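S.K.: With the hints as your guide, set chain B onto chain A.
Number of protein chains: 2
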Amino acid sequence: MAAEVSALSWRELLADLLETAALSPSTPTAPSPAPDGFWAQLATTRAAGQHDGRLAGRPALRTVNLRGLRGGAAARDPSVPDDRLLHFITDARSDKAADAAASPGAELLLFFPRSMCQVRLSGALRLEHGTDLVAAVWARLSNKERRYFAWPAPGRLRTTAIGSDDDMEAFAAAAPAAPPAERPACFRLGVLDVDFVEYLNLGTFPPVRTRYLSNSTGVWDATEVNP
Amino acid sequence: MAAEVSALSWRELLADLLETAALSPSTPTAPSPAPDGFWAQLATTRAAGQHDGRLAGRPALRTVNLRGLRGGAAARDPSVPDDRLLHFITDARSDKAADAAASPGAELLLFFPRSMCQVRLSGALRLEHGTDLVAAVWARLSNKERRYFAWPAPGRLRTTAIGSDDDMEAFAAAAPAAPPAERPACFRLGVLDVDFVEYLNLGTFPPVRTRYLSNSTGVWDATEVNP
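Protein sequence lines correspond, in order, to chains A and B. With the working numbering, letter number 84 in the first sequence gets 84, and the count goes up by one each step, no holes. With the working numbering, letter number 15 in the second sequence gets 15, and the count goes up by one each step, no holes.
In isolation and in its complexed conformation, chain A is listed as follows (with noise of 0.2 Å):
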């Protein structure tokens, strides 16, 4: 006999799960809410050329400031498309920039301990630069958050030594005083398509885990599978 599928969408419990989060951030709850969001983790493969050639083809791990997630309102507005979903701010000079060009599948992770749940996202991974949501995005940052775009080359040498006066002046310690007119050239939006996620909740008896899967046309089918 097949196992009763959870009438749920996976948003409906993401959506949920950040609610909770969000209701109580003083308490040890992950995914710590983050600026405009939740911490996450993202997995990519890492591409040829970085620092040593035994790392080419092995995953790369890295915690990201998921936005436009906070309390899970934009999970529950059937508007936001899924892809929309599931953004963060990065550097178009950094590692995962170079992964995610030559191998656009990745997985990003929110993990909720006190509720022992996790939900993980599978997709295609891009970098966007040029639409609308980029812009949207880049006017709510914070001038802190600003300012990494404007520090030296992520990842590569240090040129300079640590706390000297050229290091301090590399990664200018003061936010500026206005905002840039323009975005910074090497500014992006990673942007997930999502296909295929994992929801786990070993916080229930009996624990539930549910896989969704996109098809060619869109809908997701969902499947219940052992914990």
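A portion of the hints provided could be inaccurate.
[Said to hold, decoys possible] Now the in silico label distances, taken between C-beta atoms and shown as ranges:
hint, chain 1, residue 1, chain 2, residue 2, range
1, A, S9, B, L157, 13 to 23 Å
2, B, W220, A, G49, 17 to 27 Å
3, A, D52, B, A7, 16 to 26 Å
4, B, A56, A, L157, 27 to 37 Å
5, A, G71, B, A161, 26 to 36 Å
6, B, T131, A, H129, 46 to 56 Å
7, A, A172, B, E12, 24 to 34 Å
8, B, P35, A, E182, 47 to 57 Å
9, A, E169, B, G53, 19 to 29 Å
No lab work stands behind these hints, which were simulated from the structure alone. Note that the structure is predicted; figures quoted are calculated from it, not measured. Using N, Cα and C, we set each Cβ at its ideal position, and we do this for glycine too.
M.R.: Using the frame of chain A, we list chain B on its own:
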């Protein structure tokens, strides 16, 4: 001029971060303390043959409970080899076991949002089942943790209706009264043979990002790069 390189090893940096996190477990300091360790994220490469052909070769991501790291004591103990430091329990029937068998390259991440620090550890993942460490970890598990290995194969199609009597029985709510005399055949310890570490600290100014690469003789070289 080359940047000055930190005199601290990556193990010392990790021990310091874990000690600070363990001292204040009730604050929203991630990685949250988990049973006998800390939560971390693990990225692998999806093996072929898993539920949809489109997913093969993409990175896969999940949360694991890194053990032996409480308070950073293990990280400070020079008699604990690098690979013994970073272990987690897993199931031989899980997707990540298939991933590691097909592509051992893997990455672990610990993120500390309060201090805005992140440690990434890359290496070869292997699953052990007959070593002294496996026996020692099994002996320390709670009965609640042990019961996961008596559940139906993780990730396979769920054959019982969720919440039905059959389902309740399949996932046996109660922990066994006494631990099994022997470890289940599917019990494994995931061990990462780490050869590349990246430490990022955005909580200080100027920010720090240090790469540690192990050469063919096992000696670690540190390089300062731009954050």
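S.K.: Could you tell me which of the numbered hints above are not met by this structure, giving the numbers in increasing order?
M.R.: 9
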